[in-house]
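A.B. asks: Whenever a hint applies, use it, and build me the whole structure from the sequences.
So the sequences go chain by chain: A and B.
For this note's numbering, add 32 to where a residue sits in the first sequence, where the first one is 1.
For this note's numbering, add 376 to where a residue sits in the second sequence, where the first one is 1.
A partial selection of chain B residues facing chain A, derived with a Cβ cut-off under 10 Å:
id	residue
1	V425
2	L426
3	Q434
4	D437
5	F445
Below, in silico cross-link-like pairs of lysine-lysine (DSS-like), each with a Cα-Cα straight-line distance of 25 Å or less:
id	chain 1	residue 1	chain 2	residue 2
6	A	K147	B	K429
7	B	K429	B	K461
8	A	K149	B	K393
9	B	K429	A	K149
10	A	K147	A	K172
11	A	K308	A	K246
12	A	K149	A	K172
13	B	K393	B	K446
14	B	K429	B	K381
Keep in mind the hints are simulated off the structure, nothing from the lab.
In this text, all values refer to a predicted model and were calculated from it rather than measured experimentally.
Don't be surprised by glycine CBs; every beta carbon is placed ideally from N, CA and C.
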Amino acid sequence: MSSNRRAPLRFLEALGHNIFYAILLIFGQIGAYLLLKPVIFTYLLFSRKIHRNVAYYMERRFPEHGPVQLWLDTYRLVHSFGQVLVDRGWLGLRRGACLDGELIGNDELHELVGKGKGLVLLVAHVGNWQTAFAHICGFKVSVNSLMHYEQEAVAKHYFDLRKEPMPFNIINTDGFMGGMIESTAALQRGEVVTIMGDRYAGGPSAEVTFLGDKVRFPSAAYSLAAATGAPVAIMLAAKTGRRNYTMRLWDVFYPETGDRQNRQEDVVRWTGRFVKSLEEYVMEYPYQWYNFFDFWRQ
Amino acid sequence: MQELKEQIKEMVVRDLKLQGIEPSEIDDNAPLFEEGLGLDSLDAVELVVLVQKHFDVQIEDMDEGQAAFKSINTLAEFITASRSK
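C.D. replies: Set out below in structure tokens:
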């Protein structure tokens, strides 16, 4: 699409955001939630693209559902994503706004960090995952986030709204070795490195079956942990109520390096641990999966 | 410097478990990654850890890594320079 055609879309997108921000400031979270329902319904009526992009996941998660049920499933998923975005704006714009959260496995997480070997914290684009960034600030060591530049812009947006400094350092995946050297150095200093374990954007990878079909997942996290001796902790967040969320430590393991010839097999095995947690997560929270593209062809 | 280069070559072959190549066969100026020794980003991570472990030198960021990991020569120069700081 040409930049001339994109400009009106960008304008409409910005207008939509600003209307929601205004509603949040005037009527608060509930006002924005109410507005969300007709907006999402209208969006689903007129956009074929969103149905297609959600169907990649929904048809695998609910293979038994017919077209009507899938339409309703899509509504529930897009609506829950809208609520997460509203919460993000609400937290950023309203003074004193806060969510009640619990971190299941908090003590274990701090125990792992206390060992001084660093910690690879694997997260995914599920639930209100950005809340996780706000919640993981309680460590006594620095927290770093290995992320792609475009994702970085989103994260900035979240903390810019709060007018607070970012509570973590960004390690950009652009550049020499995709941020692996900085991440290694951070782990060697005993720091935490958070990595999105689901979306593949280049670099080392492993193919693992997820919801019945093979998907290419990024695998750098496991190699980082194996080389430095750091544990891998899988932490996934879920929205559990209007002002409630839960973050759970789903799995912890120590990848170890074996023979060079078996390296890819090892990586597939470690990636499988992450994918198992991810499958358990979508069984429990089927409407909090926020990868709106053909995830199985990434 | 020559002794250091030999140590680095032995470390690379032994600890990265390279098959079918002897330390003495590695050219001092050959690229370590891709078309040279054929190392990849996962090896880079291990190399950062190995350099710290064997030579007590920390490679902090991609600028340092990019300069140091060009070849055996540049890595030896980097280690020597870091030690003299």
